[in-house]
Structure formats: structure tokens, C-alpha cells
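Numbering (our numbering), first residue to last: 156 to 488.
The hints are simulated quantities; they were obtained by calculation from the structure and are not laboratory data. All values reported here derive from a predicted model rather than from experimental measurement. For every residue, glycine included, the Cβ atom is placed at its ideal position computed from N, Cα and C. All clues stand as given, with none of them false.
Label pairs and their calculated CB-CB ranges:
#1 Asp267 - Val325: 16 to 26 Å
#2 Arg219 - Arg379: 31 to 41 Å
#3 Met424 - Pro277: 30 to 40 Å
#4 Thr208 - Gly367: 43 to 53 Å
#5 Asp267 - Pro476: 23 to 33 Å
#6 Asp237 - Thr398: 33 to 43 Å
#7 Asp237 - Gly408: 42 to 52 Å
#8 Arg320 - Pro476: 33 to 43 Å
#9 Arg262 - Arg320: 19 to 29 Å
#10 Pro486 - Asp466: 18 to 28 Å
#11 Asp267 - Asp396: 25 to 35 Å
#12 Val325 - Ser257: 22 to 32 Å
#13 Glu336 - Ala232: 45 to 55 Å
#14 Arg472 - Ala378: 33 to 43 Å
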Amino acid sequence: MNGLTSRGRVVVAAVSAVLLAGVAVGYIRFAAGRDDADQAVRASAHGERLTLTPGPRLLTVTDRHLAVVAAADPSGARSISDVECVRAYAAAGTGVCLRPDSQWAYRLVVLDERLAETRSIPIPGLPNRARVSASGRMVAWTTFVGGDSYNSGGFSTRTGILDTRAGTLVNSLEEFAVVREGQPYRSVDANFWGVTFAGDDNLFYATMSTGGQRYLVQGDFAARIVRTLTGNVECPSLSPDGTRIAFKQAIGGDPTKGWRLSVLDLATMATRPLAETNSVDDQAAWLDDATVAYTLRQADGRPDIWSVPADGSGSPRLLVPEAESPATLAPVG
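Start from the sequences and build out the full structure, keeping to the hints where you can.
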């Protein structure tokens, strides 16, 4: 895979920053423009107790609040909580919520199944990704940050992991040792995003960017080490059976051209593009071993959750309108 030039990296960083700002502005306008009927629906939902108890339901973020819909009727009525989140995810009764702490700061909050806070951590930058392991033990997050001296575009990421059972906190995967293509590797420009956990709560996958290239890395949390597996894999999401990774693949290796939602077979390292042909800038979520869900934004910034078969067949389906951050609450695997 060809690396980007220095000028190209600046362009990518600038484009990403502009897109992020545009989405934020669009979302604020969208949220501010909710009509009275929407507010009435929210008020009625406040009387219900929304929980993260495992069951046939989908967790989403709706109008910056945690919401739940029935998996059998995801476009139907939804219960919306008072818990404000920009990004969220849940599994096995544990939730993670990235929420505003002040006008310019954010916080990661770990929730139990009744949405009570069990841990709260200030996080730098703008929330981007959030994940919980299938057991509910491990929590990961990614934010966009600025000001790293190595990045001429002033734009990079910060990714952390929390072991909720042991209390072990890693503020940044940049603390881990790196093995690139079989050799020890160290560079100040290495940064990470999009963690997804294996079933043993130790092994994980993520994206590492360095030298203008993006790699899929396999990490060992206990050993504090990551190893590159292949290139041009961003925002990986491990299937419930642990055999495949859904991810966004930069078109022609160039993220300025957009991303194609794809699935990687870990046994053969073969990649299959999925039926969604729109550019997907999201970390897909597996609903089961055969289906992935993801967020697409309309021209005015409003998010919708879509789903598509994971084998490349079929066609995209609108799953939950005006929502994002999908996560199945049904036990999978």
C-alpha cells in the first residue's frame, strides 16, 4: 500500500477536521430544530425505566440521549432516557457513554444495567468511537485530539482501554510496544483508533496509523503490545464468532475518496466488500453473526442506522431512522 506524502497527510487531517466540525454543527442544528411532537415523545419516555438488561432490543443514541428500540420493530416506538451521550455502546449489562462534561470537554462514563454510573473518567478531545467487550468487562474509547507536535495538521487520535473488573486504566494505546511486520517499531507519529475486543477480554484489534499508512493491529492487553496484521483496515469490529472483522476500507487506499464497508476473514485474510456502496465513516456493530449495522448521515447531518448482510449479499436496509451508535443488547456469540 502506498504511503501518503506529507502534504497528503495534511490534506487528510484538514479534511477530517472540517468534516468533524461540519457534522457537529449539523447535529447541533438538527437537535435544536426538533419539533414539539418530538419533545412530547421524549417526555412520555421519561416515565419509563430504560435499562441495559440483555434482551431482544437495540441500544442507540437518539437526539444525544440513550434510547432503546425493539429488535423486532427497530423503526417503531423507542424509549429515550435522560442520559446524554455523544457516543455509546453496551454489552452484558454494561454501558459506556461519552458525554459532554462542559462546553469544551467530555467525559467517559461506565454505566450498569440500570444506567447508574460506576466509573467516570475525563477524556481529551472530541468523542469518536466507543466499545464494550461481550462480557461487559472491558471498555474502550477513541477521541479526536489536536496539538500533537509530530502532526503537521494538528490532528490525531487518542484511544484508551479500561478493565472495569480490575480497575486497570490505559489512557492511550501509544503506551504499548509495537511490532510492525515482525520487527519492533517505534515512532512518535503512531496513533490508534477503533478498538474491538475478543471473547477472552485480553486480545483486541484496532487501527494503527503511522508513516501515512493504516494497519489492522492485534493487541495483547496484559502484555501491553500490538502487532500489525494487514494494511488499509480502519475501525475494525470483530464478529461474535471471532472469525471475521467488519471494517471501513479506504477506497484506493485514500480516505479522501471515502470508505467501503467490508469484511475481512481472519483465517484467509481475504476481504469482501459489502452491499453498501455509500461511504461509511463509522465503526460497524454486529447484530448477529450474519448482519452488521452502521450509521449514515443525511445531507443535513441527521443520522440514520442501517444494516446489511455480512457476506456481501442482499442490499442495505434502513434500520432505525434518526439514530446512531447501534449496539445489540441481545446476547451474541
